[in-house]
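Chains as they are written, first to last, in numbering that gives the first Met the number 0: chain A, 0 to 423; chain B, 0 to 398; chain C, 0 to 322.
None of these hints come from the bench; they were simulated from the model.
Note that this is a predicted model, so its numbers are computed, not measured.
One or more hints might be untrue.
Unchecked claim - Chain C is faced by these chain B residues, among others (derived, beta-carbon under 8 Å):
id : residue
1  : Gly-339
2  : Leu-341
3  : Tyr-360
4  : Ser-362
5  : Glu-367
6  : Gln-369
7  : Phe-373
8  : Val-379
What the hints assert, rightly or not - As a list, the in silico EDC-like pairs of lysine to aspartate or glutamate whose alpha-carbon atoms are at most 20 Å apart:
id : chain 1 : residue 1 : chain 2 : residue 2
9  : C       : Lys-308   : A       : Glu-197
10 : B       : Lys-48    : C       : Glu-255
11 : C       : Lys-72    : B       : Glu-305
12 : A       : Lys-162   : C       : Glu-255
13 : A       : Lys-217   : C       : Glu-255
14 : A       : Lys-46    : A       : Glu-163
15 : C       : Lys-287   : A       : Glu-355
16 : B       : Lys-358   : B       : Asp-301
17 : C       : Lys-125   : A       : Glu-355
18 : B       : Lys-54    : C       : Glu-61
No residue lacks a Cβ here, since even glycine has one placed at the ideal position from N, Cα and C.
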Amino acid sequence: MDAQEKRRRLANKVKVNLAMTVREIFDAIEDEPSRPQNMAYFDRIFKTFTDGGKGAVPREEGRKLIGTYCLFVPEEIIYAAGGQPVRLCAGSYDSTEVGEEFLPDVACPMVKSEMGFSALPVLSFYQDCSLVALPASCDWKTKMGAIMEEHAPVMMMDMPRIKESEASREMWLSEIKRFKREVEKVTGVKVNRRRLREAIRLVQRAQVEFDRFHAIRKADATVISGRDALEVLNAYFYDHAESWTAAMSLLNDELEERIRNKTSVTKPKAVRLMLTGSPMVFPNWKIPTVIEELGGALVADEFCTSNRYLHDKVAVDEGSVNDMLHAIADRYLLPCTCPIFSTTVDRRDRLLQLVEDHRVEGVIYHTLKGCHPYDLETKLTETLLRDNGIPMLRIETDYSPQDVEQLRTRIEAFMETLTGKRRG
Amino acid sequence: MKWKILALFMAVGCLPVTAEAREAEPETVDIPMWIEPMSWDEIRAQRAKMKAAMKASGKQAEKGSSRWKGGDKASGTKKGDGKKRKASSYMRRTYYIRSGVFPMQPGGAMAMKPRSMDYGAMKQPVKPQPNAHAGMSHGEMDHGAMPVSRRPESGRNQASMNNTVLWVTFPDTTVGQHTPKQRGKTSTVSFPSGDGGWYRLFAYNDLGVRDGSWVQLMSHGLVFSHGDEPDERKQDAPTGPGLFEGRPILEIERLCDDHDTCYRAHTGHTLHIRASFKGKKLSNTSVTLTTEKGWSQTKRTDANGEAVFTLIKEEFPDEIDTRKSEMYLLTLEHVVEEMGMLGDEHFHNQRYVATYPLKVYPSRLDWESQTVGFYSLGGVVLVTAGAIAVRRRRRRPEA
Amino acid sequence: MKVYRLRIAVQFVCFILLVYGGLFLIDLGSRLPTFSCAYMDDRGGGCFFIGFQHMMNRPLGEFLGDAGIRLLKALGIFALWAVVLNKAWCGWVCPFGFLQDMMTKLRTFIGVDVSRFAWMTRTRYKSVKYILLVLMILIPLGMANSVFGLPTLPRDWSVAFCQICPARLILPIFNGDFSQIYVDFSGSVRMILTSLGVILTGLFFTTAFVKRRFLCSYCPMLAALSLFDKIGLTSLKKNGQRCTRCGNCSRACPMEIREIEEEKTLSNLVTQDCTLCLRCVEVCPEDKALQATFCGVPIFTATQEGFLKRQGLPGENKTEKEV
Numbered sequence: 000m001d002a003q004e005k006r007r008r009l010a011n012k013v014k015v016n017l018a019m020t021v022r023e024i025f026d027a028i029e030d031e032p033s034r035p036q037n038m039a040y041f042d043r044i045f046k047t048f049t050d051g052g053k054g055a056v057p058r059e060e061g062r063k064l065i066g067t068y069c070l071f072v073p074e075e076i077i078y079a080a081g082g083q084p085v086r087l088c089a090g091s092y093d094s095t096e097v098g099e100e101f102l103p104d105v106a107c108p109m110v111k112s113e114m115g116f117s118a119l120p121v122l123s124f125y126q127d128c129s130l131v132a133l134p135a136s137c138d139w140k141t142k143m144g145a146i147m148e149e150h151a152p153v154m155m156m157d158m159p160r161i162k163e164s165e166a167s168r169e170m171w172l173s174e175i176k177r178f179k180r181e182v183e184k185v186t187g188v189k190v191n192r193r194r195l196r197e198a199i200r201l202v203q204r205a206q207v208e209f210d211r212f213h214a215i216r217k218a219d220a221t222v223i224s225g226r227d228a229l230e231v232l233n234a235y236f237y238d239h240a241e242s243w244t245a246a247m248s249l250l251n252d253e254l255e256e257r258i259r260n261k262t263s264v265t266k267p268k269a270v271r272l273m274l275t276g277s278p279m280v281f282p283n284w285k286i287p288t289v290i291e292e293l294g295g296a297l298v299a300d301e302f303c304t305s306n307r308y309l310h311d312k313v314a315v316d317e318g319s320v321n322d323m324l325h326a327i328a329d330r331y332l333l334p335c336t337c338p339i340f341s342t343t344v345d346r347r348d349r350l351l352q353l354v355e356d357h358r359v360e361g362v363i364y365h366t367l368k369g370c371h372p373y374d375l376e377t378k379l380t381e382t383l384l385r386d387n388g389i390p391m392l393r394i395e396t397d398y399s400p401q402d403v404e405q406l407r408t409r410i411e412a413f414m415e416t417l418t419g420k421r422r423g
Numbered sequence: 000m001k002w003k004i005l006a007l008f009m010a011v012g013c014l015p016v017t018a019e020a021r022e023a024e025p026e027t028v029d030i031p032m033w034i035e036p037m038s039w040d041e042i043r044a045q046r047a048k049m050k051a052a053m054k055a056s057g058k059q060a061e062k063g064s065s066r067w068k069g070g071d072k073a074s075g076t077k078k079g080d081g082k083k084r085k086a087s088s089y090m091r092r093t094y095y096i097r098s099g100v101f102p103m104q105p106g107g108a109m110a111m112k113p114r115s116m117d118y119g120a121m122k123q124p125v126k127p128q129p130n131a132h133a134g135m136s137h138g139e140m141d142h143g144a145m146p147v148s149r150r151p152e153s154g155r156n157q158a159s160m161n162n163t164v165l166w167v168t169f170p171d172t173t174v175g176q177h178t179p180k181q182r183g184k185t186s187t188v189s190f191p192s193g194d195g196g197w198y199r200l201f202a203y204n205d206l207g208v209r210d211g212s213w214v215q216l217m218s219h220g221l222v223f224s225h226g227d228e229p230d231e232r233k234q235d236a237p238t239g240p241g242l243f244e245g246r247p248i249l250e251i252e253r254l255c256d257d258h259d260t261c262y263r264a265h266t267g268h269t270l271h272i273r274a275s276f277k278g279k280k281l282s283n284t285s286v287t288l289t290t291e292k293g294w295s296q297t298k299r300t301d302a303n304g305e306a307v308f309t310l311i312k313e314e315f316p317d318e319i320d321t322r323k324s325e326m327y328l329l330t331l332e333h334v335v336e337e338m339g340m341l342g343d344e345h346f347h348n349q350r351y352v353a354t355y356p357l358k359v360y361p362s363r364l365d366w367e368s369q370t371v372g373f374y375s376l377g378g379v380v381l382v383t384a385g386a387i388a389v390r391r392r393r394r395r396p397e398a
Numbered sequence: 000m001k002v003y004r005l006r007i008a009v010q011f012v013c014f015i016l017l018v019y020g021g022l023f024l025i026d027l028g029s030r031l032p033t034f035s036c037a038y039m040d041d042r043g044g045g046c047f048f049i050g051f052q053h054m055m056n057r058p059l060g061e062f063l064g065d066a067g068i069r070l071l072k073a074l075g076i077f078a079l080w081a082v083v084l085n086k087a088w089c090g091w092v093c094p095f096g097f098l099q100d101m102m103t104k105l106r107t108f109i110g111v112d113v114s115r116f117a118w119m120t121r122t123r124y125k126s127v128k129y130i131l132l133v134l135m136i137l138i139p140l141g142m143a144n145s146v147f148g149l150p151t152l153p154r155d156w157s158v159a160f161c162q163i164c165p166a167r168l169i170l171p172i173f174n175g176d177f178s179q180i181y182v183d184f185s186g187s188v189r190m191i192l193t194s195l196g197v198i199l200t201g202l203f204f205t206t207a208f209v210k211r212r213f214l215c216s217y218c219p220m221l222a223a224l225s226l227f228d229k230i231g232l233t234s235l236k237k238n239g240q241r242c243t244r245c246g247n248c249s250r251a252c253p254m255e256i257r258e259i260e261e262e263k264t265l266s267n268l269v270t271q272d273c274t275l276c277l278r279c280v281e282v283c284p285e286d287k288a289l290q291a292t293f294c295g296v297p298i299f300t301a302t303q304e305g306f307l308k309r310q311g312l313p314g315e316n317k318t319e320k321e322v
């Protein structure tokens, strides 16, 4: 069997396994009567994963696909240049096995999964990218670029680690400008003032819907499950901002109606939990599944793949292209609560704010094995939460489904502690 | 032989004197009188003296309050409202009242006497010739400085200065009458100037009947003092020597337009005056403007009694002293063909001679260059704009 | 609410009031903490500094007497004006600030990009305005007093600040008076000072064109008003807890103040450079993170909703040239 054949078989295997995983997930949640009807739109996107991801990302004729990683790559620029952004962060266990060929064992499962998808044609949008912008955020991402190069047209973006210095900001701005030039080369469309302003508006409209959604989750009644919330925001990776905004708007209307009717998806006295830590990407829903099966209410989360993704807004000051680029650069760097930065005071402040706003009773801190930034943050977060009287459960795991039962036990115990604390 | 030569010299030397003396006794007496402010040096000297006097008399404690309290009751300050104003020596202004040939320069200048009967002729400036005038004291030949020690020309005027009176219109529109004091051979008068605003001065001297004419000399002045401006005060129209229905008999008013706000006169600016006699406009009368150096120009007032002069510039020194002022004198004479009796003297006409002395400062254009200013401005703009453009171009990353 | 637009309107009204007020017999006194140049014939009020320099030109002993009373009176009036509006004099009233803002508007209209200081530049030259203020006090005193037996400063140094002030050259132009644009050759000191004035005016046209409110960074009026930063009735407050350090505020700030972004514990954010233009509050996307207050009462608060409205949302796909 030649190498080509081997690859094809492997790709198929992954495809099949992925399809099974996805189906399993949807079987569990789709028939819930309390599920909002407007979730169907978002379900469709993820169901395409069973079929090579066709149709997940809208492909207009001639529109170039620009892959991104993390949340540092400005999507406004891609939209302005007439491209379609797709975030390639991956959560599939099945492709991690492929990735392990390229990366050391200790590497974080997410990069392994991404590597796997890039190397093998499982989800089409990985191979369809005309450009892949990869910010050198953590060590893995930094090194992944070179390894990925033979499979995808990678453009590395240097990332500052110390936000407070002037040099960092200038460096980041020049990286953004370089990115813009690269995208323009790929799409052949020049980013001018009008296009950029429109793109910013486009994304801002999506962010407005997100704000609504976020406010909805602060209500006493949990009108949407944690997994659905993660799904909705995860869908933004793939969908066009405009159609996503429209679908979100409908969903928000429905959810606001639910708040008025006091329809809840969880039992009345369900424990209010918050998830935070290393990114949790579909279909890596191990933990939220367990939590919700145990009857917990996932009222908030702080992930770069969900809550943080659409929170901050670009603030246009003067309206020239350079000014907008400066605004974009600042927005993507400064308020970001990713722990790759040297000081993470903002991250902790944000966590506290979320806890307060959503009346969270317990925080589950999830780290992926090999994820150093979040690992290093654990102690600080634990101290912070303890000082504020909020219990925290620390879970270190990877994508494999083997430790689900252990997790269940631990989470159950944690939830019982919280219930007990409530009574006492 | 030597004696003869000496005698000849003396005779020749005396000729101008005798000629002058003869000339000095014409039928008509064209001797104006004018008000002259003290020079800064004199004011400083006066203040220093006052300070020393106060110190000596143990008024040190009042050092801080010397401005508000105390007072120099040197000259009689009879005001229209009868109240005495309290002011220290700082808050007073002192003026000389001089009379004689203008301009009076130390060493004597053979200036042209302002002739009232000259119709529109432009005089040539005459170079000062020293030693040509007997009877004039040789003061410091301080070329360029304000003439300090001037004396009345002859005993004749000196005697008649005793009748001089100074009217001051204060910023609060009240009018006060002040009597000058003779100090040595000059007349000095001072009045309180604590209030801020314009002060109008009017000096009047009735010379009596001279050579068959009743001669009255007048002088006007306008001065601004900084300070708090007072409210207007009502007062009955003043009466007294030199006034006709509350106003000076022969009045020269300086009209101020936009550029010339009367605060200061500069060379190159215009001097706009209006003459009136007993309240009525005085038209078709010749007015002469004379400078210290001797240049003079005569014009006739128009139907409205107004005349406009351009203040010429005479000095072009190498070193600019922006504070150096020159005295220019405006003279106007009005003859009324009316006979009458003054006391027991008979006169066949009345001659009124009014003057308006003016301190003229160098025009700012002498030392300010707007051209340099504008071009420098343009230069700076171009250079910095260019620098900014170049810097931006260099910083732009390669496409 | 688009505070930026309201501010321009207020600035315009104040400009008319201060530059042409004399024509309508308006006189706001000559102790104003703003550049209403005394060399303007039709001004509606006068800049404090010219009177101040004249008042300081006195022998020291006189300050125990009426010269001191006069000075205290003037300072008192200045302080009253300053305490009420605090730095809003700079951001909302100053005619010269208005002109610089107009230059900025012109620049954005043409489409030229903004220039910014490096952080070190701002830090390094922060003290220039205080030095100018101190010199403004010392030079007139030096003219009337002899220090250690040295001769007093010659008269050329009178109103030294007015000689270098670019507002003196530019504001009278609006009264039709170009005569202040000159170089005075009557003495070497005067020549240097008036040349500096011309140079600064030239910089107004270029550097104040590319850098927002360039000259305000060096303004001694800002320095004088900054003495009232913490006690002024008009103030700018920050809630550090709600701040995400997104940096919008510093980026939008014409004076490029870093403290608004960096400070998380300090509450009163009227720093020495602040002109209370409230741009920072306008671009802050977090609810209640920044607030403008008057006598402690909030008059303008940053809200997410307001932020979005000002950014032009919800709006159609029309482009607006400026927020």
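How the hints compare with the structure:
1. Gly-339: With a minimum Cβ separation of about 50 Å from chain C (threshold 8 Å), the hint on Gly-339(B) is violated.
2. Leu-341: Violated - the Cβ of Leu-341(B) stays beyond 8 Å from chain C, reaching only about 50 Å at its closest.
3. Tyr-360: With a closest approach of 12 Å, the Tyr-360(B) hint is violated.
4. Ser-362: Interface hint status for Ser-362(B): violated (12 Å vs cutoff 8 Å).
5. Glu-367: For Glu-367(B), the interface hint holds, since the closest Cβ of chain C sits about 4 Å away, which is under 8 Å.
6. Gln-369: Cβ of Gln-369(B) sits 5 Å from chain C, so the hint holds.
7. Phe-373: At 6 Å from the nearest chain C Cβ, Phe-373(B) passes the 8 Å test, so the hint holds.
8. Val-379: Since chain C brings a Cβ to about 3 Å from Val-379(B), closer than 8 Å, the hint holds.
9. Lys-308(C) <-> Glu-197(A): holds, 15 Å
10. Lys-48(B) <-> Glu-255(C): With Cα atoms ~58 Å apart, Lys-48(B) and Glu-255(C) exceed 20 Å; violated.
11. Lys-72(C) <-> Glu-305(B): It is violated: about 45 Å lies between the C-alpha atoms, which goes past 20 Å.
12. Lys-162(A) <-> Glu-255(C): holds, 17 Å
13. Lys-217(A) <-> Glu-255(C): Violated: Lys-217(A) and Glu-255(C) sit about 36 Å apart, past 20 Å.
14. Lys-46(A) <-> Glu-163(A): Violated, at about 42 Å.
15. Lys-287(C) <-> Glu-355(A): holds, 16 Å
16. Lys-358(B) <-> Asp-301(B): violated, 25 Å
17. Lys-125(C) <-> Glu-355(A): The given pair, whose Cα atoms are some 40 Å apart, is violated under the 20 Å limit.
18. Lys-54(B) <-> Glu-61(C): holds, 15 Å
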